[in-house]
Each structure stands twice: as C-alpha cells, then as structure tokens.
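Chains as they are written, first to last, in the numbering used here: chain V, 1 to 474; chain Z, 475 to 698.
Errors might be hidden in some of the hints.
[Claimed, not checked] With a straight-line cut-off of 35 Å between C-alpha atoms, the simulated DSBU-like cross-links for lysine-lysine are:
#, chain 1, residue 1, chain 2, residue 2
1, Z, Lys588, V, Lys303
2, Z, Lys497, Z, Lys588
3, Z, Lys497, V, Lys303
No lab work stands behind these hints, which were simulated from the structure alone. The structure presented is a predicted model; accordingly, all values stated were derived computationally and were not measured.
Here is how the chains run, residue by residue.
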Amino acid sequence: MRVDPELTLKAPRGALNALGGSRSVRQDELMPTPYERPPAPGPSLDERRAARPVLSRPAEGRVVAGVCAGLAQHLGWPVSVVRVVLALLSVPTGAGVVVYLFLWALAPQSQGGVVAGRRGRAAMDPGLGAPAPALPDMPEEERRSARVLLVGGLLLAGGLVVVAQNAGFNLRLGVLVPLLVVATGAILAWSQLDDAQRGRWLGSQEGARRFSVARLVLGAVLAVAGLVILATRGRSLAAIWDIGLATLAVLAGAVLIAAPWGLRVWTELRREQAEAARATERADIAAHLHDSVLQTLALIQRKAEDPTAVAQLARAQERELRSWLYAGPAGSDATLAAAVAEVSHDVEDLHGIPIDLVATGDRPLDERGQALVRALRESLLNAVRHGRPPVSVYLEVGPAGVEAFVRDHGPGFEMEEIPADRLGVRQSVLGRMQRHGGTARIRRLEDGTEVALSLPAAAPETQPTAAEEHHEHA
Amino acid sequence: MSTPEPVAVVLVDDHRMFRSGVKAELGDTVRIVGEAPDVDTAVAVIREQRPPVVLLDVHLPGGNGNGGVDVIHGCRGLETPTGQPVRFLALSVSDSAEDVIAVIRAGARGYVTKTINATDLTTAVRRVADGDAVFSPRLAGFVLDAFGAAAGEIAEVDEELDRLSAREREVMRLIARGYQYKEVAKELFISVKTVETHVSSVLRKLQLSSRHELTAWAMGRRLL
Chain V
1 MRVDPELTLK APRGALNALG GSRSVRQDEL MPTPYERPPA PGPSLDERRA ARPVLSRPAE
61 GRVVAGVCAG LAQHLGWPVS VVRVVLALLS VPTGAGVVVY LFLWALAPQS QGGVVAGRRG
121 RAAMDPGLGA PAPALPDMPE EERRSARVLL VGGLLLAGGL VVVAQNAGFN LRLGVLVPLL
181 VVATGAILAW SQLDDAQRGR WLGSQEGARR FSVARLVLGA VLAVAGLVIL ATRGRSLAAI
241 WDIGLATLAV LAGAVLIAAP WGLRVWTELR REQAEAARAT ERADIAAHLH DSVLQTLALI
301 QRKAEDPTAV AQLARAQERE LRSWLYAGPA GSDATLAAAV AEVSHDVEDL HGIPIDLVAT
361 GDRPLDERGQ ALVRALRESL LNAVRHGRPP VSVYLEVGPA GVEAFVRDHG PGFEMEEIPA
421 DRLGVRQSVL GRMQRHGGTA RIRRLEDGTE VALSLPAAAP ETQPTAAEEH HEHA
Chain Z
475 MSTPEPVAVV LVDDHRMFRS GVKAELGDTV RIVGEAPDVD TAVAVIREQR PPVVLLDVHL
535 PGGNGNGGVD VIHGCRGLET PTGQPVRFLA LSVSDSAEDV IAVIRAGARG YVTKTINATD
595 LTTAVRRVAD GDAVFSPRLA GFVLDAFGAA AGEIAEVDEE LDRLSARERE VMRLIARGYQ
655 YKEVAKELFI SVKTVETHVS SVLRKLQLSS RHELTAWAMG RRLL
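Excised from the complex, chain Z in its bound form:
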C-alpha cells in the first residue's frame, strides 16, 4: 500500500506445517524475519528482531499457559528500530470469545482466523504495520453484541468507552456484513482513512472498556 518495501514479520505458531504454509503463501510481499513455536522462544526472537508486526497464534505452549497473551505481555514496550511500537496481529483457529477478548485486551491490533486467504492476510499485515486495526467480520459481530450496539445502545459522545458511537456502529455492521474497508468507505461516503480511524477507536474501546457484558459475555458464551 503506502510502503512498497516488504514488511518484516515474526511468525509465532506451534504448528510447523502452518508456519511453512503461511510463509509460502505470503511470498515476497511480507518478509518473515523470524519464527517461534512457543512463548519463550517467541519473546526471545521478537526482542532480538524487533519487527513492526508479529503474527501471533492465540494458543501456544510455554509461558504462564496463556499462549499469545503471554507473548504480548513479555514484549511490552518494545519498539522497532524506527521507533514504532511492535504490533501484534492475532491469528487463530479458535472462534471462542474468551480467546478473542483476551488477546485483544492484551494489546493485539487485530484478530483474523486462520482460514483467511493470502491477499487478505497481506493487507491485514500492512494495515497493522501502519498502526491501524484489523477486524474480521466475526470480531465485528462480537463487538456489536458485546457493546449492546445490536440491541440499540448508542453512545451520546464519541469518547464514551462503554458504547459505540452511531458511526462506529455503522462501520462495524458493514464489516460484519463482509465489506472491505474501501467498500465501507464508499458506502458511508467517507474516506478509507476515516474508516480506519473508526475501527481503531473501536479497538481502543474494546481494550479499555470495563463494560461488564464484555467479560461476562465472553465467559458465558462462545462465538458462533
């Protein structure tokens, strides 16, 4: 997108077959600078490489037993050589709300499922490298549910942490319907950059909100 240079990525996943699959798929748009099969190796490799993006499996052996969350905690405050924070994109086969909520609240910039195709994954990696958030349709659906937006709760001011603003709700709804960012932009007559701003703001709310449904919902039920 903006940078023609390939993005350096560390790939953390405990399945060797999946790692080699991703490597082959991503080709030369993304440069894999390191791999790790478990939490402790991952923290060591990321600290050494300091990549702009880490592709992070949610379920990993080692650490405190919290998988990807432990890796994010272990790399807190780490910066790339250019002064950007190291950003995490969670990648998982699991659809359970506990996993989604845990890894996002730990600080991941996005969440995609492993069935994502190579083009979308490349776009997602670039987007995360640029500091934006990546929401899969499923994560958008989860957000709408958890913030009560589907039930009609709308924030009066944008800064309110426990509810989505009307615009954020619209963006989330379109993403849940399977729209790409640029399609969302076209639909709402706004720029892609504005869409990205809205998504990032939703991500921030997801990370900071103390809305009890967010945790209660995640504990009590799993994503479809």
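The shape of chain V in the complex, shown without the other chains:
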C-alpha cells in the first residue's frame, strides 16, 4: 500500500498539510480504494466479504465469457461443477444457455488488480474448501482444449438435430436455423461489449479495433439475415422485395422524424456530462485550495508580525501549489532528483530558509544515491544553520557519475576549525561519501561555503558499504 493510512488519518486537514502532508491526503481522496482500507476493528466484515465475493466475470481463466468462472467464485463451488451443471441444464430446454446469457449481460467484468486481492483472500479462506485457486491459473492450452470441446459439443448437437430430423421428428428446422443464426450474430456483436471494456483497460490498438469492427459488422449481418429469413418464410422473392422496400421506407421515415430529437437528446446528454465533469473538477480544486491556500492565508494573517514565519509559510505554500499544478507523472518518486528535491524542501520547512534547487539529469534511486542524498541533507542543514541565504543546490546526474553542490553565503568554515567531536560534517558528509566510493570537498569561497559531493558511476565493492551503512544507523 502506497499511502500510509495512519499518516493520512492523523494529519489534520489544515494548513499543516501545506507543509508536506497534503499530497498523500489528496491521493487518498482521489483513489478511495475500499479494498485497501486498513483492517477495520471488526475483522468479521472482511471475512464476510471474502466468503462471498461479488459476482463478476474474471477475464483470466475464462473459456467463453467467464460466467462459469465468476459463478464458481461467487458460490464457492469448483468451476468444473458449475460448467457441467450449466451444460446439463442446456440440453433439454436450453435453460442453461438462457442463464448463461442473462449472467453474461448483467455481471460486470473484472480483471487483474481489481479482483486479485479479493480472489486471493477467498482462496486462502480455509472455510470454503473449494479449489477456487485452481481456476485463475488455468493454462492457455487447457483453455484452448476446453474451447475445442465446446465447439465439438455444439457440432455434435447440430449433428443430432439433423439425425433426428431425418429420422422423422419434426424439429421445425425452418424456425430453428434462422433463430440460431440470429443468436450467433447477437453473440458475436455482444462480445464486443466485453472487448470494448477491456480495451479501456489495456489501451486499444489500431489493428485490434479494426478486427472488432469487422466482428461487429459480421454479427449484425448474421442477425439481420436470420431475422429476414424468419420473417419471410415461405414467400416469393418478389414479396420479400416488397416487404423489404416497405420496411426501408418505414425505417427512413422513423429516422427522419426521430433524428433531430435524438440529436438534441444526445447533445444534451453530452453537455450534462461535460458539466458534471467540470463541476467535479471545480469541487476538487476548491477543496484543494481550501485545504491549502486558504488555510495558509489565514495562518499568515495571524502571524503577520513574524516575517520569518510568513515567508516560510508562503514559500511552503508556493511549492505545494506548484507541485500540485505541475505534478509529474506518479511513480517518479523513486529517482535521485526527486529524493534531492524532497530533502531540500524538508530542510527548507525545518528552518524557513529558501533553498534554490537546480537539477539536471536523473536516475533511479539506489543505495549509493541514498547515501548521497543523506550527505546532501546534512550539508544543507549545515548551510542553513551556519551559513546565510541564499542557499542553492545543484545536482548533476551524468554518465560519469553524480555531482551535487550545496552553496551558502555565510562566513564559512574550515575543516581544521571543526572540533573533532563535531560528528555532523566529518561523519555524515565526508565519511559517508568515502564509504560509498565517492568524495566530499568543502571549500571556503570569498562569500560563503560550498560543499561538493561526487559519486562516480561505477559501483565499487558494495558489500562492505552496505554493512557499514547499517552500523551507521545503529
């Protein structure tokens, strides 16, 4: 779980959020994932949910549309039992088929992460005893053979029908065949619904879309052809032509009358949707401004006599608003530049001294990078405590390594002047960088001090450094 629930629950939704906590709050608000909530006081709710998962059609482990798999999960039965029962129900009257189509139309599709947690819990529940876990991991070959079996069964049924017809039973093939054609066409077209849903998850591709359009057209043609055959049974070609013409004329008239009306309803609907989206967005922005900017402004008014506090508040708020407006894609937190930015904001908040950060290049944050970030933090703390603003940080990530500079405008200090017991600079900056194969250099400039940290790209022996790092924390 990415968002620490305790943190977000404890953090007051006030101006303090502006000083760092509000980002996680916002994420929590945006993604209210009920399945990720911390275990509530009574675990019974959890258990009940696990015992009876919501009926859905999993995209994984399905043979046709996932109805049987979903039903098996929902009831806690073995999936094979469900399949056999439905198949048996289908033979005499077709009730199984009707049930299948009904559930197909009504049960929502589920996929991957959406059901993973749910299913995992159901599978682990010993009370159920059903071999539910076997179902999602059905291998591809097995699924294919199941499909072959299904097609074989259908062909067999068709053959039986023909045999029965020849043997003298009147099965009224004239009705049955068109009905089957219509059903096939409808299934072909309806199965698009599932694909459209999945396409939204996966991001559809051009080729896939063309294929699905072809399927839709084929399904529609089949269904229409079946209906036409059904409606014009036993009539001559000329009669069919007349009927077709009449139908077309009626259809054209209906379209002519309904079109403007339908168009208006459609645009109305679109407008309403857009308005609703805008209203949500506005509410979102208003909520954010209320939680951050307004609270900070109130705090600033209260602290008007303390310029340092006001500047600090304004700076923190500016940064927070900026990151909200120009936030990069999620998941970029684990990079070196992001970590450096976080650390410098941290120090800025702690001491109320603005820090100018410039970073070029970036790379994933590894253990050595973390050491650099810690050393940088220590240097920054030194700069804001003993130096004078402006304090600036420059981070350069290149192929040859990482370089970071912390610069302040204070009176400066020399290495020799630091007492031996002052562990801060010696241990946390110089020592740490050396242990990780890097260097740290402290320079006194005419106006201020500069700490230069550098870390070559190639990692030296990493084993001992890791051990030492642990030691350091102890």
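Given chain V, work out where chain Z should sit, using these hints.
Then chain Z, alone, in the frame of chain V:
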C-alpha cells in the same frame, strides 16, 4: 556599473500589486518610464518610450494569447533613441520549460524568476541594458539539460549551435551552482567580460539551435 545614470525601463506585468512592488524595490537605480498590464498596451507604450530595457512578464492577457512572446514580436526592430536595440528581460513566476524556451527564443536577453531580490534584479537590468545575457541558476540548469551537456556532449568547435563548448559548459555549471558572474570569473581565472561573452554565446545558441531536445524536452517535461 558602467553608467551611473539610472536605466530607463518599461515594466509590463498584469498584476498591479507586483508592478508597484517592483517600483518600490528598485528605487532610483532604475527609472520606470512606463507600465503596461497587457500585450497591446505594452506594445504601444514600448513603441512610444523606446526604453533600453523592458521587464516583461511571461503571462499576459491580450495579443494572440502568447503573452510576453507577442510583445517581443510586436516590438521587433525597435531601437532606443541612442540606436541600441530595445532589450527584454523576462520575469516570471512560472518555472515551466515551455515558458522559458518560448520567451528566450522569441528574443529575450534573459530570464529571472519573480522571487529575485532587488539588488540582483538591478544588476540584471543593467546587464541586459549593456547587451549581455542574464541567466538564473534554473535557466542554466535547463540549458545544461537541453544541450545534453550534463550527459557529456561537448561541442568540438565553439560555433557549433547544437552543443555547448567545454568552457560554456563550465560557466553554465557554475551559474547553476549559484555563482555570480564575478565568482565564475574568479573560479575560472577569466575576466567578467569573458564570462559575459560566454553567457551571450550560450543565449545565442539557445535562440538559434534547432536541437530537437530543446523543443521536445520543453514540451515533454517541466522545469523542477
């Protein structure tokens, strides 16, 4: 610096409070000869006053909707009474690369953020008036990134437009580290004038280069 006389400046910003703040801060080292809250007024005022320096907000109402860029385009070829071109110093709250790149490529001589203090702003105005370029640490960082200098790409000849020379890279790195021009000069054992030459040459590359990263980078990502 070189001229004791105050520099005449036109201040273009759509926030009245910010304009009066800047006016109060700059005091008598810089003479504000005109103000404008939007693109069209700005072009009119600048054409009338013909100041050596225009302090230009990046985001402005009016014009073609491109803010400061429209003002620069509207004043193209304009000269001060002494025959110097009218120069622009961009001033913005925005750190987004699109804004930086657009206004610099339109012809601004520098880019500073609105959090700059009065002394630095005065120095920047004088520097722009003298025809030099003004780079904030952030703009220097952007240049290093956009020209691939941080990744180790270095021009073989100084005239190459798509890369920085080794010396230009050094200067940019020091500016990004928060060094003033004179500190850069001292660090590299060169004169301040040479530093200014290097910065101006980088500015020229930034304006003329067709390096695709420059635009792609600006579109795809925003400055920190």
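Now the hints, each set against the structure:
no. : hint                   : in the structure
1   : Lys588(Z) to Lys303(V) : holds (23 Å)
2   : Lys497(Z) to Lys588(Z) : holds (13 Å)
3   : Lys497(Z) to Lys303(V) : holds (26 Å)
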